[in-house]
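Q: Residue strings, one per chain:
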Amino acid sequence: MARVRLEHVTKRYDDQGEIVTAVDDMNLDIDHGEFICFVGPSGCGKSTTMETIAGLTIPTEGEVHIGDREVTNLPPKDRGIAMVFQNIALFPHMDVYDNISFGLRLRDYPQDEIDRRVERAADIVQLEGMLDRMPDEMSGGQRQRVAIARAIVREPDVFLMDEPLANLDAKLKVHMRTELQRLHKELDTTIIYVTHDQEEAMTLSDRIAVLNSGSLQQIDPPLTCYNEPDNLFVAGFIGSPSMNFISGTVGESAIETPNFSLAFDPATVEGLGVGDEVTIGIRPEDIYPGEFRNEIRDPSSLISARVDILEPMGDEIFAYMLLAEGETSMDQKQTTNNQLLMSIEPDSEIQEEEDIEVAIDRRNVHIFDSATGDALVHKLEPVGSDTGVTGREAESDD
Amino acid sequence: MATTTKDTDDSDGPLARWTQRAIQNPERVYRALFYAAMAFFLVTTLFPFYWLAVLAVTPEGNLLAGSFLPTINLFGVSGTFPLPVPKGFNPAAFVTVFEQVPFHLYMLNSFALAVTTTVIVLFVASLAGYVFGRLRFPGRALLMLGILAISYFPPAAFVIPLFQAFAGNAPITVPFTDIPLFTPPRLLNTPGSMVLPFSALFMPLSIFILTTFYGQIPDGLEDAARVEGTTRLGALFRVIMPLSAPGVATASVLTFIAVYNEYFFSSIMATSPEAAKWSPIVGGILSYQTQYTTQYNLMAAASIVGVLPVVILVIVAQERIVSGLTSGALKE
Chain A
1 MARVRLEHVT
11 KRYDDQGEIV
21 TAVDDMNLDI
31 DHGEFICFVG
41 PSGCGKSTTM
51 ETIAGLTIPT
61 EGEVHIGDRE
71 VTNLPPKDRG
81 IAMVFQNIAL
91 FPHMDVYDNI
101 SFGLRLRDYP
111 QDEIDRRVER
121 AADIVQLEGM
131 LDRMPDEMSG
141 GQRQRVAIAR
151 AIVREPDVFL
161 MDEPLANLDA
171 KLKVHMRTEL
181 QRLHKELDTT
191 IIYVTHDQEE
201 AMTLSDRIAV
211 LNSGSLQQID
221 PPLTCYNEPD
231 NLFVAGFIGS
241 PSMNFISGTV
251 GESAIETPNF
261 SLAFDPATVE
271 GLGVGDEVTI
281 GIRPEDIYPG
291 EFRNEIRDPS
301 SLISARVDIL
311 EPMGDEIFAY
321 MLLAEGETSM
331 DQKQTTNNQL
341 LMSIEPDSEI
351 QEEEDIEVAI
361 DRRNVHIFDS
371 ATGDALVHKL
381 EPVGSDTGVT
391 GREAESDD
Chain B
1 MATTTKDTDD
11 SDGPLARWTQ
21 RAIQNPERVY
31 RALFYAAMAF
41 FLVTTLFPFY
51 WLAVLAVTPE
61 GNLLAGSFLP
71 TINLFGVSGT
81 FPLPVPKGFN
91 PAAFVTVFEQ
101 VPFHLYMLNS
111 FALAVTTTVI
121 VLFVASLAGY
131 VFGRLRFPGR
141 ALLMLGILAI
151 SYFPPAAFVI
161 PLFQAFAGNA
171 PITVPFTDIP
181 LFTPPRLLNT
191 PGSMVLPFSA
201 LFMPLSIFIL
211 TTFYGQIPDG
221 LEDAARVEGT
231 TRLGALFRVI
241 MPLSAPGVAT
251 ASVLTFIAVY
261 NEYFFSSIMA
271 TSPEAAKWSP
281 IVGGILSYQT
291 QYTTQYNLMA
301 AASIVGVLPV
311 VILVIVAQER
321 IVSGLTSGAL
331 KE
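Chain order of the listed sequences is A and B. Numbering-wise (full-length UniProt numbering), the first sequence opens with residue 1 and increments by one. Numbering-wise (full-length UniProt numbering), the second sequence opens with residue 1 and increments by one.
Some hints could be false.
Label pairs and their in silico Cβ distance ranges [to be verified]:
| no. | chain 1 | residue 1 | chain 2 | residue 2 | range |
| --- | --- | --- | --- | --- | --- |
| 1 | B | D219 | A | V274 | 54 to 60 Å |
| 2 | A | E63 | B | T177 | 49 to 55 Å |
| 3 | A | D136 | B | V43 | 39 to 45 Å |
| 4 | B | G139 | A | P110 | 42 to 48 Å |
Source of the hints: derived by calculation from the structure; they are not laboratory data. Idealized CB from N, CA, C, for every residue including glycine.
Let the sequences and hints guide you as you build the complete structure.
A: Encoded structure:
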């Protein structure tokens, strides 16, 4: 039973006199057999966290537990782990058989046991008949499979995978992704998987751990992270294209933004008062062109917007809209506050430069505290009348 | 000057014309320079061997009589042949070499010393190369500089204190006092008295070469080896070292040749040039010289025999050495 626990793990580097905190007070509890993805942008500490679990990096503070042992200061070889590296890291001077059996040979397994296990591992990753090839004679996908075979042959308690699919082309990536899922079912071991690709994380994992600047933002099942993000960072990171954020101020019965107001009763959220700064988060698929307003169960009233750019993706179209006219300001915050991204049906008639009206599905609106970034509400309570939003025609219409 | 460089028509002198052609077509100059340099190196490196061979096959009685440059008479014109040629032919000298003196034992001594030193140097320099090439720690540059500084000391500076120490007669004392520290064992006339200083003297070069090579191996490979079940040391010898084969080959061949040819230390540490006292090849060659006679032909033959193992080694390893030397030079 390999449960993995991190307790207050902190890693600081001394980078030429400057102290850099790569991992900041990380607490994690990963169950046996779980598939966990660490996601986050580059430099968020996900690889360092994995290295502390692997033992390649010793944490500055905190403890690492694997199974019922404390392994904080054990060398990697004694931790019962196997790892697949981002750069694959096959030993170039050994053929596939030697690469896969390297760990077993070091542990003095009997030859027939080694042969049996290598054969089985090669079978699982479909590498039969390639055991005498050298790594430089193989394609990227084949090398990747050798690396995975090298990891599974040792039958470890925990698998660590550091962006194993990062260097593969898109088609192979999808293929390997399903193979990994099959592998997880077959092996029933704990897998910890690092990726910056949130799509990979969503499809593969039982739970996603979202990291940013060294600290854990949220660890929850993929759909929970998607539907109920704990804070602005998770909301923006999970989901592609990412959520629209519009900052506003809480009023008596609505959240006022520069371009529209959204009916909202501040009393429904504890600790929120009139005048507080909040950020409204709306996913592109929860915004609809005005003519579909009646099909939304709890629609807002119409908001005027001008279509700026259309991005046809085939199965849907992304419409980038501007909420107010003449706001091509260089001020980043101002521009993002003006923009709204909507995902629409591919057969839509909407054209670029067209003035349209859109409605928001209020049941999928998230409200965040602008100061702390923490989520306040994930679903707005229905308001009695259907005039939830009052469009500000005067400002936005030309 | 200005006028001559401006004129480019055919009325120029041959030098000016040649210069113009060279400027327009530099390939010719490069090729000419290449051949000139090659000829120079071939003459300076191969002529001594030729001269040794001439000496070796000349019978002993003819060595000092007459000139090695024969006078030839070609169609009535007589002159001196510009290359030395043997005066007689006596290949038996290559056998006599082993009959008069146990020269094979001297060769074995040199060979054993060279192999032992190379193994020690490679092992220790690998550890040092790993530390310098792959780890970051304060004072690394300073330590490296220290090693560099020591490698510039003339070996002669160490001879007398080392001889005293290896004689094992008196205890080593704290400098400037009579407080004894320990009495070293008597190492004179044993391989220890030679292998120890050789290892120390030839270590810095190998450390430099291996540091460069080990530093280039990607971290991922070492991490992979450690996760798979090696220690850091295991990763060094199972993964990093095999992948640095050109560098390791370079370091070992350079060390081997340097020790194999060494005479200065071993002539002092072996108190007389006897094979039983671990005297090296040069000691053997010099024992063809007695108080009254010098058998140049045998010395020449012994030199040729003695150099053969190194020639073979270099021919076998040359590709690796060249790639090792150049890549080291480019990266450092």
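Q: Each hint needs a verdict: does it hold in this structure or not?
A: Status of the hints after comparison with the structure:
Here the CB-CB span from D219 (chain B) to V274 (chain A) is close to 56 Å, well matched to the stated 54 to 60 Å. Distance hint check: the CB atoms of E63 (chain A) and T177 (chain B) are about 52 Å apart, consistent with the given range 49 to 55 Å. Between D136 (chain A) and V43 (chain B) the Cβ separation comes to about 43 Å, which falls inside the hinted range of 39 to 45 Å. Taken as a hint, the range 42 to 48 Å holds for the pair G139 (chain B) and P110 (chain A), whose Cβ atoms sit roughly 47 Å apart.
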